[in-house]
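Residue numbers (the numbering used here), protein chains in the order written: chain A, 1 to 256; chain B, 257 to 512; chain C, 513 to 733; chain D, 734 to 954.
Keep in mind that the hints were calculated from the coordinates and are not lab data.
This list has only true hints and no planted wrong ones.
Here are the simulated SDA-like cross-link-like pairs (lysine to any residue), alpha carbons at most 20 angstroms apart as the crow flies:
hint, chain 1, residue 1, chain 2, residue 2
1, C, Lys576, B, Val506
2, C, Lys576, B, Gln501
3, A, Lys146, B, Lys400
4, D, Lys797, A, Thr241
5, B, Lys494, C, Asp578
6, A, Lys146, B, Phe412
7, A, Lys144, B, Glu407
8, B, Lys414, A, Glu151
9, A, Lys238, D, Asp796
10, A, Lys77, D, Phe859
11, D, Lys873, A, Asp153
12, B, Lys452, B, Val299
13, B, Lys414, A, Asp153
14, B, Lys400, A, Ile149
15, B, Lys400, A, Phe156
16, A, Lys144, B, Phe412
One side of the interface only, derived from the structure: several residues of chain A facing chain B at Cβ under 7 angstroms:
hint, residue
17, Leu127
18, Gly128
19, Tyr154
Here the structure is a predicted model, which is why all the values come from computation and not from measurement.
Positions of the beta carbon are idealized from the N, C-alpha and C atoms, including for glycine.
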Amino acid sequence: MSKICTADKAMARVHDSDMIAAHNWGISGSPGYLFRALVERGVKDLTLCIPNFIPMPEGFVERGLTDPSILLPQVRKIISPFIGARGILSNLSETFLSNLAKEGRLEIETSTHGILMERLYAGATGLGGIYSPVGVDTIVAEGKEKRNIDEVDYVFEKPLRPDVGLIKADKADTLGNLVYRGSARGANPLIAMASKYTIVEVFDVVEPGVLEPEMIVTPGVFVDCVVRIPDEDIYSGKRRTELIQLLAEVMLARGM
Amino acid sequence: MSKICTADKAMARVHDSDMIAAHNWGISGSPGYLFRALVERGVKDLTLCIPNFIPMPEGFVERGLTDPSILLPQVRKIISPFIGARGILSNLSETFLSNLAKEGRLEIETSTHGILMERLYAGATGLGGIYSPVGVDTIVAEGKEKRNIDEVDYVFEKPLRPDVGLIKADKADTLGNLVYRGSARGANPLIAMASKYTIVEVFDVVEPGVLEPEMIVTPGVFVDCVVRIPDEDIYSGKRRTELIQLLAEVMLARGM
Amino acid sequence: MKDRLTEELLAIRAAQEIKPGDYCNLGIGLPQLCASHVPEGAIVQAENGTLGYGPLVDQDNVDKMDLDFIDAGGSFFTPAPGMAFFDILTSFMMIRSGRLKSFLGGLQVSERGDLAIHSLSSTDKFPQIGGSMDLAWGAKRLIVLMTHNTKDGVSKIVKELTLPMSARACVDLIITDIAVIEVTSGGLVLRECVPGWTPEEIQEQTEAPLKVADDVKEMEF
Amino acid sequence: MKDRLTEELLAIRAAQEIKPGDYCNLGIGLPQLCASHVPEGAIVQAENGTLGYGPLVDQDNVDKMDLDFIDAGGSFFTPAPGMAFFDILTSFMMIRSGRLKSFLGGLQVSERGDLAIHSLSSTDKFPQIGGSMDLAWGAKRLIVLMTHNTKDGVSKIVKELTLPMSARACVDLIITDIAVIEVTSGGLVLRECVPGWTPEEIQEQTEAPLKVADDVKEMEF
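Let the hints inform the model, and build the full structure from the sequences given.
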């Protein structure tokens, strides 16, 4: 029962108004190939649940960086603790996003990195809600129940159960077992567990038995579709050297 | 900053009335060497938080099986979803345990495997409580708040934050990074994270860098003391062949 | 007395509910017997932390015994390609994720699909709940395997549970030694009869009322 | 105008709070500069999922750049023996476990140790909270590094926060470009003065009242 399929076929399960979860933190571990496929799929009114939403400078996506802001025309709501609209890397001005928000075309719900993870965890494990010690009396607690338990204040947080998880792993076997590499692991394992339907993009696919059972981080049961990035694609494992070269140039140019 | 120490020295941090968490499920992954050290430490009025409490037949502990019931004289309360007092392997009759309970010398709090894990998880991550979908209107919900959230009933469960976690891993490095083997992983990684103080027994210790960074399941930050089981001990890695032989004999004798 | 299914045949019928591509958990007791009849392409989970393990070790291959390869019931298993290990926290998240078919034994099932499995008495001092409540609540589909009646001939399929409840309205299908019964929002529906039994005879053995499916049929193996 | 510490010197003083055996998280901004001054035997955590990584890649070793070795601020790191990787869920459990010393920047700290770090305005449309609230709440010990005053000379150490609060009563120690101040249950205590500054001059720069420690001393490097 191989789970390998094309991005096209995998995306057929994504619908208007779905909640999509994805990872984004730095230049690694964010599913750029699937983001592009989601644009091609053309669904709308999505809610995007993402630890960071960091736009890239113009021209960088074409060269292999992942930019969640390519999804903006399809997104009605972003749930994220960090929107990098002010960053030096941004090509989206705060004004642009503000205008979307003013026109009612974009809703933003904030959280903290840790609590966003806990809400996804609560979704994954079927909990009805959790009491978070973080965020009490802050902006993230607005409109939420506050409760004192054993002399500590907590904020009631509800679970998040995304319809679709778009994740990225280093390798998959045909059963959907996944291994990650370094800090590209990110929120990917959690998103796989929390989502009702999980699509993963990988650099490589191997036969069952090739991945060490002790090294498998995401067991195949949490994965519905495995999409291998084609070798010729800018996001492929074969072409990562081009991205390294680009970033090395940037680093040298900045004199870091 | 090596974390290697003797069981004796590690146990000095365990005190009367502490809550101890440990794993027990089948013949592997349960910290038999540390249980024995805890008996020698001689503290009392302990609360024992354990997924299963499965006594072994007489004579088997001496041959390398782990039996949490050797702690009974020191324990005032057991929090566990499963007490194997009726099992064919038991040398502790239900009457014996009942008598302890009647005399007020033993309190038993039950849970489910999954919810016990979630309570430890909530302890690990600082939550004030969680709403569990499991156990509604059952014995595990007695005396607990019931709440309907988005048309589903839940039970309010409180976190567990053990004072001491006694865990077992396959190998540690001197920084306390741990790897497990097969189904011996059990609740050990979670107990390490949830406990205020974590002591691990291991078959082997290696230098930092020997364990693959991707294979480390418990990062060293969650481990306070690493105890290597001495080679001559019945629980040592060197003497596991004796245990295999014993169990093979049992299996053949039973005609399984 | 009419013939009832042997445990082995009951397990064989139950295993027909497992399809290639399924992930399933086989509870302790009767469901464990399904293990030898799982179709190719289906994957079994052990709630103590393994997915996709190979055949169990038995008398004929005792030399394959590995102390760290044990299933939830304490049996030794052999490795299989694609096997994965994880901790119990992840395991029960998996169980409650709705991605597994669960097979459980049962002491009683009510006509609304309430299940009693963990205790013979409400005054039980020593918990034997284990993972049963999690498995019952979280299953994508919950199949209960049990004898239709107690040793004293009392129906285990009841109007209201008399034993302590493990989970409410959780059972999807009941497979017994005389019948296959589906739990629907409209009540219990008799789907299959063991050869030699009529729907009327099965109803006689059953406290809760059964509707007979239009396409009720004889159980096949 | 008296001399204030350079960012580099401020970071060097802050790094003295890290002892061998400590686990610590160095927040984005000023705290990141501590990285080069962490003593042998202390271990740094990156909240995007790494513990115990090696020195950062810079212009001199661009060839060491690995796309999958990035810290929370987006810098590339080199591997180190004993390094471990984990997912972000585990990372923030680690952060809230009370096992890490946290070093954060700050916009304001109140005399009770309330911290404002995530936002310059309560009408901010776009969240920049990130992990700051988790780091502030969960730390074993929270050290805030910041300039003592804003560019306009306004005190950042205040009686009451005027900026949106990130976490209540969380700060243990404040290290600024003119002073080291401890947050105690009895209020703020001035522990160290930057060379050239008297306690009175530091108080002049500080809105909240400072108690001068009996053993107040000149900052050493």
